[in-house]
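Enquirer: Please construct the entire structure, taking both the sequences and the accompanying hints into account.
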Amino acid sequence: MSLPLILPPIPRLVPRLSRRFLTLACLLAAGSCHAGATLPGPAYPEFRSAEQIETSCEQGLAGARERVKALEDSRVDASWLARLDDLSAYFEDAQGPVDFAQYVLPDKALRDAAQACALKWAEFTAGIAQSEKLYRSLRKAQPKDAIDKELVRLSLAQFEDAGVTLPAAKRDRARQIRERLVALEQAFQKNIRDAGTRLPFTEAELRGVPPGVWAKAARDEQGRVLLGLDMPTYMPLVQLAEDASVRERMWRARWDQGGDANLKLLGEVAALRAEYAGLFGFKTYVDFNLRRRMAHDGKTASAFLASVGTAVQARERAEIDELRAAKAQHLGTPLEATKLNRWDTEFYSERLRQSKYKVEQEAFRPYFPSEHALPFVMRIVEKMMAVSFTKVEVPLWHADAQAFVVSDKATGQPLAQLYVDLFPRDGKYNHAAVWPLRGSATRLQRTPTAALVANLDRKGMTLQEMETLLHEFGHAVHVTLSRTRHVGQAGTSVMLDFVEAPSQMLEDWVFDAQVLKLMQEVCTSCAPVPADLLAKAQAARRFGKGLFFGRQQLYASFDLALHSDPKPDPMALWAKMEGATPLGHVAGVRFPAGFAHVASSYGAGYYAYLWSLVQAMDMRTAFAADKLSPEVGARYRERVLAQGSQKPAPQLVQDFLGRPSNSQAFFEDLKR
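Numbering-wise, the sequence shown is residues 1 to 672 according to this note's numbering.
Simulated from the structure, these hints should not be mistaken for lab results.
These numbers were taken from a predicted model, which means no experiment stands behind them.
Honestly, I wouldn't trust all of these hints.
[Unchecked claim] Pairs of lysine-lysine residues, derived as DSS-like cross-links and limited to a Cα-Cα distance of at most 30 Å, are as follows: (1) K567 / K264; (2) K170 / K149; (3) K190 / K567; (4) K264 / K190; (5) K264 / K120; (6) K545 / K358; (7) K339 / K358; (8) K170 / K120; (9) K536 / K517; (10) K190 / K133; (11) K383 / K517; (12) K627 / K358; (13) K671 / K536; (14) K133 / K647; (15) K459 / K383; (16) K576 / K339; (17) K356 / K459; (18) K459 / K358; (19) K647 / K627.
[To be verified] Label-pair distances were calculated between CB atoms; the ranges are: (20) Q313 / T202: 38 to 48 Å; (21) E160 / A303: 19 to 29 Å; (22) F423 / A303: 37 to 47 Å; (23) E160 / A386: 33 to 43 Å; (24) A244 / H585: 12 to 22 Å; (25) A244 / Q176: 43 to 53 Å; (26) E668 / D400: 35 to 45 Å; (27) P660 / N341: 39 to 49 Å; (28) A318 / R207: 22 to 32 Å; (29) A386 / S245: 45 to 55 Å; (30) K264 / Q176: 11 to 21 Å; (31) H585 / P395: 44 to 54 Å.
Cβ coordinates follow ideal geometry from the N, Cα and C atoms, glycine included.
Expert: Below you can see the structure in the form of structure tokens.
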């Protein structure tokens, strides 16, 4: 099961000051935009120089200042709330193109210029978030119905969380902290993104790794193969390399990204968050951050994580024992003298899948050709949710990027646009994520836009990679099928501990035989996945569940502990907590330095992956009889995806299932 990353928040104008991803638009692209007549919304601007980015940045900020002042000075009438939301739409369109550029543009100078612009916007929006004039006007605004009332509630919370009601000195300090946190988060991500790590290996050392992974890679002056840390390279090496030292080098490099520089940044991030919470009278950032989420407080989140830990503890230890026995048998060493290292787990898990279940990840690549994997995933959603995806040719940031129009199948009406950028390259964001680039607003006839960015394999997909693609596509449809009245409530603006549920729900679809038959609809020459291979994969999927959930529980617990200490030492805390696990701590590996979730939007919130999975597994029960059911899919589209945050997350799930959500499906799954 894959849990791809999602990007950090960029503070912005209420009502969604902490919304994670912003829009692409060409309103301020200094005349460089293409019209993109077949797209329902603005096309992505072609940034050709750092100077152009700087110009767009300054023009966008100037326009924002004018619009903020005009709204601050305006009378509160029946249209004031809509005008506040209009301002949010402008912020998306003005800030978003440059912000997104830093993660995908091939040119480092342009990425650096985009990052510099993002910091200017952060400074500006930190001040706007504390506008007493806007806050007072919002308090006077009269919502016309439940949707408007929820928008007002969320918007007031955003202002208050930014410190607008604090005394002057504390308010100033809150603004300074917010600005500094954005700079630290940007630097943390940049240190990972721009590292360009390449490890040298001889061909002999790569025994067991398919040549397709390394044969075309660059070589050093000694003729050694130079390999990066992207997932299409990393996973085959740690799963298949016979040489344990090769696996160890790759594993250490992957989990040591960011180094001491990022450890220092993370320590400052956590300390500043603790100080920030203290300004509001909270003892920990955990309780401050969770009070408006489904979990409500740290005590509830910690109790949930403890229940997960208890549920998987015995299974995790049993799986470790099984892997250790597999290693002893493979090496011919006495079991009692055999130690299982962390860089051994993927290798021996894969060997067990092959020996015990007669299945390996590499066996699936021929059945999921890269050029057909995306159309296959799109066909799944088309069948479930009565939409269609049509590719359009428009200039984008890289030749790998593609653009699609999302339309309603019954009416043919264009609903949204989707950008997809699937394959690795230097300088690109190196995990998998979706940016809600443009929020829906029916009152403005504003269509949404999403960008799906991943790092998958060009030579065909494994089941793990297909899960990742389905996960991210779940986020994409959450954005593109949003039909909210206001921009501020669009798509993934839901509570953070629900935002992963629509994506996690779809991961399960790739293991369904009926779903897999859709591949032949998009690729007539593709052989179907053999029934026995799928059955073996379904059985093999159950192995490793203890290790996976044990690790996720550790990550989430570390995150809560880090944000419960006013002056934490991330590395010392991690070494202590990892050291208490069955496999212990690996000295010299600075995992927290690469834990980008915690440095960004998932700070004091990583538990949300497991919390959301409870909701996802419960929603899957509605599709138990037929994962492609158009009736259930229509209900899901209408009652969950289209609603955004117009209703609180628990109400969305109840509206869809016809009952309150529960954790029965989740904990039953842990036992299987």
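Enquirer: Compare the structure with each hint and give your call.
Expert: Hints, one by one, checked against the model:
no., hint, result
1, K567 / K264, "holds (12 Å)"
2, K170 / K149, "holds (29 Å)"
3, K190 / K567, "holds (24 Å)"
4, K264 / K190, "holds (14 Å)"
5, K264 / K120, "holds (23 Å)"
6, K545 / K358, "holds (18 Å)"
7, K339 / K358, "holds (25 Å)"
8, K170 / K120, "holds (22 Å)"
9, K536 / K517, "holds (17 Å)"
10, K190 / K133, "violated (36 Å)"
11, K383 / K517, "holds (12 Å)"
12, K627 / K358, "holds (26 Å)"
13, K671 / K536, "holds (19 Å)"
14, K133 / K647, "holds (27 Å)"
15, K459 / K383, "holds (27 Å)"
16, K576 / K339, "holds (20 Å)"
17, K356 / K459, "holds (26 Å)"
18, K459 / K358, "holds (22 Å)"
19, K647 / K627, "holds (25 Å)"
20, Q313 / T202: 38 to 48 Å, "holds (41 Å)"
21, E160 / A303: 19 to 29 Å, "holds (27 Å)"
22, F423 / A303: 37 to 47 Å, "holds (41 Å)"
23, E160 / A386: 33 to 43 Å, "holds (40 Å)"
24, A244 / H585: 12 to 22 Å, "holds (19 Å)"
25, A244 / Q176: 43 to 53 Å, "holds (49 Å)"
26, E668 / D400: 35 to 45 Å, "holds (41 Å)"
27, P660 / N341: 39 to 49 Å, "holds (44 Å)"
28, A318 / R207: 22 to 32 Å, "holds (30 Å)"
29, A386 / S245: 45 to 55 Å, "holds (53 Å)"
30, K264 / Q176: 11 to 21 Å, "holds (19 Å)"
31, H585 / P395: 44 to 54 Å, "holds (49 Å)"
The structure is inconsistent with hint 10 alone, although it conforms to all the rest.
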